[in-house]
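Chemist: Model the full structure from these sequences, guided by the hints.
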Amino acid sequence: MVDLAVHPNFKINGRPISSEDITEIAYSFIKEGEPYKKSIGDFLMEWVDTTKTIEVKTSGSTGKPKPIKLLKNHMRNSALATGEFFGLLPGNTSLLCLSCDYIAGKMMLVRAMVLGLDIYLTEPKSNPLVELNEDKSFDFCAMVPLQVQASLDQMQKVKKLIIGGAPLSSRLKKDLVHTNTEIYETYGMTETITHIAIKHIGKGAENNNFKALPDVIFKKDDRGCLIICAPKISIEKVITNDVVELISETEFIWLGRYDYVVNSGGVKLFPEVIESKLNEVIDRPYFVAGIEDEVLGQKLILIIETDGSNEYELPQFNSIKSLEPYERPKDIFYLEHFIRTDSGKVHRDFTLKRAMNNT
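Just so you know, we're using UniProt numbering here: the sequence shown kicks off at 1 and counts up by one.
It is possible that part of the hints are untrue.
Unchecked claim - Estimated spans, in silico, between C-beta atoms of each pair:
| # | residue 1 | residue 2 | range |
| --- | --- | --- | --- |
| 1 | 13 | 246 | 36 to 44 angstroms |
| 2 | 340 | 52 | 32 to 40 angstroms |
| 3 | 53 | 292 | 40 to 48 angstroms |
| 4 | 30 | 215 | 31 to 39 angstroms |
| 5 | 222 | 42 | 37 to 45 angstroms |
| 6 | 42 | 266 | 48 to 56 angstroms |
| 7 | 204 | 84 | 17 to 25 angstroms |
| 8 | 294 | 45 | 55 to 63 angstroms |
| 9 | 154 | 13 | 34 to 42 angstroms |
| 10 | 13 | 51 | 23 to 31 angstroms |
Claimed, not checked - DSS-like cross-link-like pairs, simulated, lysine-lysine; straight-line CA separation at most 30 angstroms:
| # | residue 1 | residue 2 |
| --- | --- | --- |
| 11 | 136 | 69 |
| 12 | 174 | 72 |
| 13 | 66 | 125 |
| 14 | 321 | 277 |
| 15 | 299 | 232 |
| 16 | 277 | 160 |
| 17 | 232 | 57 |
| 18 | 211 | 37 |
| 19 | 299 | 277 |
| 20 | 37 | 159 |
| 21 | 72 | 52 |
| 22 | 57 | 125 |
| 23 | 219 | 237 |
| 24 | 11 | 160 |
| 25 | 219 | 157 |
| 26 | 66 | 174 |
| 27 | 174 | 136 |
| 28 | 38 | 57 |
| 29 | 11 | 38 |
| 30 | 125 | 157 |
| 31 | 237 | 57 |
| 32 | 31 | 125 |
| 33 | 125 | 203 |
| 34 | 66 | 219 |
| 35 | 52 | 66 |
| 36 | 220 | 69 |
Derived from the structure by calculation, the hints contain no laboratory data.
Ideal placement from N, C-alpha and C gives every residue a C-beta, glycine not left out.
Modeler: This is how it looks when you write it as structure tokens:
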């Protein structure tokens with residue numbers, strides 16, 4: 001039997017919710033709520049049933065989405081670690097503006113139940129803060145970069161913000177320096193029950209390092225990829241495909257995906273690092289990748305989503321001082337539509353194949 005107790009301070013939209021109330025409110029969301037509330041109700045019903053696990057799907061950004069089971073006790077431990085790291089206290093307010101079809105949205109609810117937060121629910125759209133009352137503010141919120149970009153003028157409504165789900169552009173990071181909100185980029189995945197490392201960005205940020213949450217230790221394998229040791233949220237070590245520079249056992253710099261590393265003329269190029277530089281001159285979806293080349297082994301190419309437009313001004317690579325000569329794409333390909341996962345992430349492998357087939 002799973003312990004169904006929730007924190008006595010837990011509230012939804014200002015209304016106190018006890019363990020006994022959860023089934024009733026979940027049922028009302030499923031039967032009578034707005035469409036986005038159905039997934040909230042479904043998850044709450046799962047949370048209070050007698051099983052010890054929750055089944056979730058991986059994002060599918062690097063492969064086919066697959067179902068995995070997470071222990072509810074591990075999800076509680078993850079919530080406690082987040083609460084400790086950010087100093088969240090019973091009665092603090094939080095905003096749920098992510099879909100509860102995915103782990104990030106589910107964990108916002110778990111944090112509220114475990115830590116005793118007052119969680120407010122809003123539709124998971126691109127600009128979740130715009131329609132909220134001007135005098136309403138929240139102690140804690142999680143967003144994806146697209147939402148943050150659309151909410152820059154409303155950021156005063158959030159005191160502490162975590163951002164995940166996709167890399168942040170250098171342009172967005174510069175914009176965030178001008179807000180007084182405490183902002184953190186997160187590192188994690190479905191298998192680690194969302195974030196296990198945090199990087200402070202925006203005003204007052206000191207470096208580019210991710211720091212571990214409590215009870216998390218980092219190592220590297222012989223590929224240079226991160227190994228996550230977090231016994232309170234995962235029975236086994238999590239071996240990732242993320243190449244990192246390990247600063248200490250609790251701190252690292254993320255370089256990029258091992259799957260995407262381009263070996264061009266003996267030089268290892270990390271697409272994600274190059275993309276963070278190209279953000280200065282490209283204002284639409286794009287990514288860089290490697291394709292076979294007789295001379296270099298692999299050559300770096302740039303793929304830009306045109307969104308149906310046949311005309312696009314070529315980016316001026318020479319204007320980017322941080323871009324090394326060997327980081328400049330050798331060819332540019334244009335594609336009307338990228339292939340994306342159900343959660344909105346660009347599926348690089350499938351999109352690259354489509355771009356090559358269109359040439």
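Chemist: Decide, hint by hint, whether the structure agrees.
Modeler: Now the hints, each set against the structure:
1. Between residue 13 and residue 246, the C-beta spacing of about 43 angstroms keeps the proposed range 36 to 44 angstroms intact.
2. Between residue 340 and residue 52 the beta carbons are some 33 angstroms apart, a value that agrees with the proposed interval 32 to 40 angstroms.
3. Look at residue 53 against residue 292: about 43 angstroms separates their beta carbons, and that is inside 40 to 48 angstroms.
4. At about 35 angstroms, the beta-carbon gap between residue 30 and residue 215 stays in the expected band of 31 to 39 angstroms.
5. Between residue 222 and residue 42 the C-beta distance comes to about 42 angstroms, which sits within the given range of 37 to 45 angstroms.
6. As the Cβ distance of residue 42 to residue 266 is approximately 51 angstroms, the hint placing it in 48 to 56 angstroms holds.
7. Distance hint for residue 204 and residue 84: a CB-CB separation of about 21 angstroms, consistent with the stated range 17 to 25 angstroms.
8. At roughly 58 angstroms, the beta-carbon separation of residue 294 and residue 45 lies within the given 55 to 63 angstroms, and the hint holds.
9. For the pair residue 154 and residue 13, the supplied restraint of 34 to 42 angstroms is violated, since their beta-carbon distance comes to about 19 angstroms.
10. Judged by the Cβ atoms, the range 23 to 31 angstroms given for residue 13 and residue 51 holds: they are separated by roughly 27 angstroms.
11. Straight-line distance between C-alpha atoms of residue 136 and residue 69 comes to about 36 angstroms, which puts the hinted pair past the 30 angstroms bound.
12. Of the pairs offered as hints, the one joining residue 174 and residue 72 is violated, with about 38 angstroms between alpha carbons and a cut-off of 30 angstroms exceeded.
13. Distance check on the hinted pair: residue 66 and residue 125 sit about 25 angstroms apart at the alpha-carbon level, within 30 angstroms; holds.
14. For the hint pairing residue 321 with residue 277, the CA-to-CA distance comes to about 9 angstroms; that is within 30 angstroms, so the pair holds.
15. For the hint pairing residue 299 with residue 232, the CA-to-CA distance comes to about 43 angstroms; that exceeds 30 angstroms, so the pair is violated.
16. Between residue 277 and residue 160, the direct Cα distance comes to roughly 27 angstroms. Compliance with the 30 angstroms bound is thereby established for this hinted pair.
17. Using a Cα cut-off of 30 angstroms, the hinted pair residue 232 and residue 57 holds, with the two alpha carbons roughly 20 angstroms apart.
18. For the given pair, residue 211 sits about 33 angstroms from residue 37 by alpha-carbon distance, which is inconsistent with the 30 angstroms threshold.
19. Of the supplied pair hints, the one linking residue 299 and residue 277 holds, its CA atoms being roughly 18 angstroms apart against a limit of 30 angstroms.
20. Distance check on the hinted pair: residue 37 and residue 159 sit about 25 angstroms apart at the alpha-carbon level, within 30 angstroms; holds.
21. For the suggested pair residue 72 and residue 52, the alpha carbons sit about 6 angstroms apart, so the restraint of at most 30 angstroms is met.
22. With a CA separation close to 21 angstroms, the supplied pair residue 57 and residue 125 stays within the 30 angstroms bound.
23. Using a Cα cut-off of 30 angstroms, the hinted pair residue 219 and residue 237 holds, with the two alpha carbons roughly 10 angstroms apart.
24. A hinted pair counts as satisfied when its Cα atoms are at most 30 angstroms apart, and residue 11 with residue 160 qualifies at roughly 19 angstroms.
25. For the proposed pair residue 219 and residue 157, the alpha carbon gap of about 38 angstroms is over 30 angstroms, so the pair is violated.
26. For the hint linking residue 66 to residue 174, the alpha-carbon distance of about 35 angstroms lies beyond 30 angstroms, and the restraint is violated.
27. Taken as a hint, the residue 174 and residue 136 pair is honoured in the structure, with Cα atoms around 26 angstroms apart against an allowance of 30 angstroms.
28. In summary, the hint linking residue 38 to residue 57 is supported, as the alpha carbons are separated by about 17 angstroms, within the 30 angstroms threshold.
29. For the hint linking residue 11 to residue 38, the alpha-carbon distance of about 18 angstroms falls within 30 angstroms, and the restraint holds.
30. With a C-alpha separation of about 16 angstroms, the suggested pair residue 125 and residue 157 falls inside the 30 angstroms cut-off, and the hint holds.
31. Taken as a hint, the residue 237 and residue 57 pair is honoured in the structure, with Cα atoms around 19 angstroms apart against an allowance of 30 angstroms.
32. Simply put, residue 31 and residue 125 have alpha-carbon atoms about 22 angstroms apart, close enough for the 30 angstroms limit, and the pair holds.
33. Pair hint residue 125 plus residue 203 holds up; C-alpha atoms about 26 angstroms apart against a cutoff of 30 angstroms.
34. This hinted pair checks out: residue 66 and residue 219 have alpha carbons roughly 26 angstroms apart, not beyond 30 angstroms.
35. Proximity of residue 52 to residue 66 is assessed by CA-CA distance (about 19 angstroms); at most 30 angstroms being required, the pair is judged to hold.
36. The hinted pair formed by residue 220 and residue 69 meets the criterion: a straight-line CA distance of about 25 angstroms does not exceed 30 angstroms.
Violated hints, listed in ascending order, are 9, 11, 12, 15, 18, 25 and 26; each of the other numbered hints is respected by the structure.
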